[in-house]
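Here is what each chain is made of, one letter per residue.
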Amino acid sequence: GAVVSQHPSWVICKSGTSVKIECRSLDFQATTMFWYRQFPKQSLMLMATSNEGSKATYEQGVEKDKFLINHASLTLSTLTVTSAHPEDSSFYICSASGNSYNEQFFGPGTRLTVL
Amino acid sequence: GNSVTQMEGPVTLSEEAFLTINCTYTATGYPSLFWYVQYPGEGLQLLLKATKADDKGSNKGFEATYRKETTSFHLEKGSVQVSDSAVYFCALSKDNFNKFYFGSGTKLNVKP
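Residue numbers (the working numbering), protein chains in the order written: chain A, 1 to 115; chain B, 1 to 112.
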């Protein structure tokens, strides 16, 4: 199957700072990328869907000004958590799909801890 | 609306025991159904899938059959191993795989 990577795999930051998480499709062109958030012992919550070259579509209740998503190329999407606070601490997972695939491929996740 | 319900864990089994993790869904139309596995500290990996009624997905000894009449997609394995210890997520997808709905996950612990 196709490979999706995330960087960094974990990050610790101070409250009030911004953190950028990268999601890359390594061997295919990802026309659509998705960002999920996973709380401890809970399921994945879809935060937003982004198509290359267009603005992301955010799920209800997700603050688009806090979670900035950019999908500038067919292999890279970024999620920036702005002015992070401890309640933003979570496991963030991206996934990607391409025109020639009928499934989503998930990245390994990024664990964010805000102190 | 669309949703997935799966049995709460944790499920603790001895090695070589039979595994069943129940999953039922609610959806309009004809969704595709998936089982994903998440090992500690890692992202989700596709375990198996079925795209239409009566299809059976299988992989690594795991099986699940898409039952439209009971809206179920139960995961089974005849003989679990310690290495199967992980969290298992049932999911459905509609709209050409552009939106996934996940169950809450079931943690499986297999003891030697």
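Worth double-checking, as some hints may not be accurate.
To be verified - Heads up, simulated DSS-like pairs for lysine-lysine below, C-alpha to C-alpha not over 30 Å straight-line: (1) B:Lys-111 - B:Lys-68; (2) A:Lys-14 - B:Lys-52; (3) B:Lys-111 - B:Lys-94; (4) B:Lys-56 - A:Lys-41; (5) A:Lys-64 - A:Lys-41; (6) B:Lys-111 - A:Lys-55; (7) A:Lys-64 - B:Lys-94; (8) A:Lys-66 - B:Lys-99; (9) B:Lys-107 - A:Lys-55; (10) B:Lys-111 - B:Lys-52.
None of these hints come from the bench; they were simulated from the model.
Restraint check for A:Lys-14 with B:Lys-52, where alpha carbons must lie at most 30 Å apart | Violated: A:Lys-14 and B:Lys-52 sit about 48 Å apart, past 30 Å.
Below or equal to 30 Å on CA atoms is what counts here, so check B:Lys-111 against B:Lys-52.
-> Violated, because 35 Å separates the two Cα atoms, which is more than 30 Å.
Distance restraint between B:Lys-56 and A:Lys-41, which requires alpha-carbon spacing of 30 Å or less = Cα-Cα ~28 Å, so holds.
Between A:Lys-64 and A:Lys-41, does the CA-CA distance stay at or below 30 Å?
-> Judged against 30 Å, a Cα distance of about 25 Å means the pair holds.
Hinted pair B:Lys-111 and B:Lys-94, Cα distance within 30 Å | Violated, at roughly 36 Å.
For the pair supplied as a hint, B:Lys-111 and B:Lys-68, is the alpha-carbon distance within the 30 Å limit?
-> violated, 34 Å
30 Å Cα cutoff - pair B:Lys-111, A:Lys-55 = It is violated: about 47 Å lies between the C-alpha atoms, which goes past 30 Å.
Between B:Lys-107 and A:Lys-55, does the CA-CA distance stay at or below 30 Å?
-> Not OK: B:Lys-107 and A:Lys-55 at ~36 Å, beyond 30 Å, violated.
Restraint check for A:Lys-64 with B:Lys-94, where alpha carbons must lie at most 30 Å apart | Cα-Cα ~24 Å, so holds.
Taking 30 Å as the top limit, are the C-alpha atoms of A:Lys-66 and B:Lys-99 close enough?
-> With a Cα-Cα distance of about 22 Å, the restraint between A:Lys-66 and B:Lys-99 holds, given a limit of 30 Å.
Comparing the model with each earlier hint shows violations of hints 1, 2, 3, 6, 9, 10; every other hint is respected.
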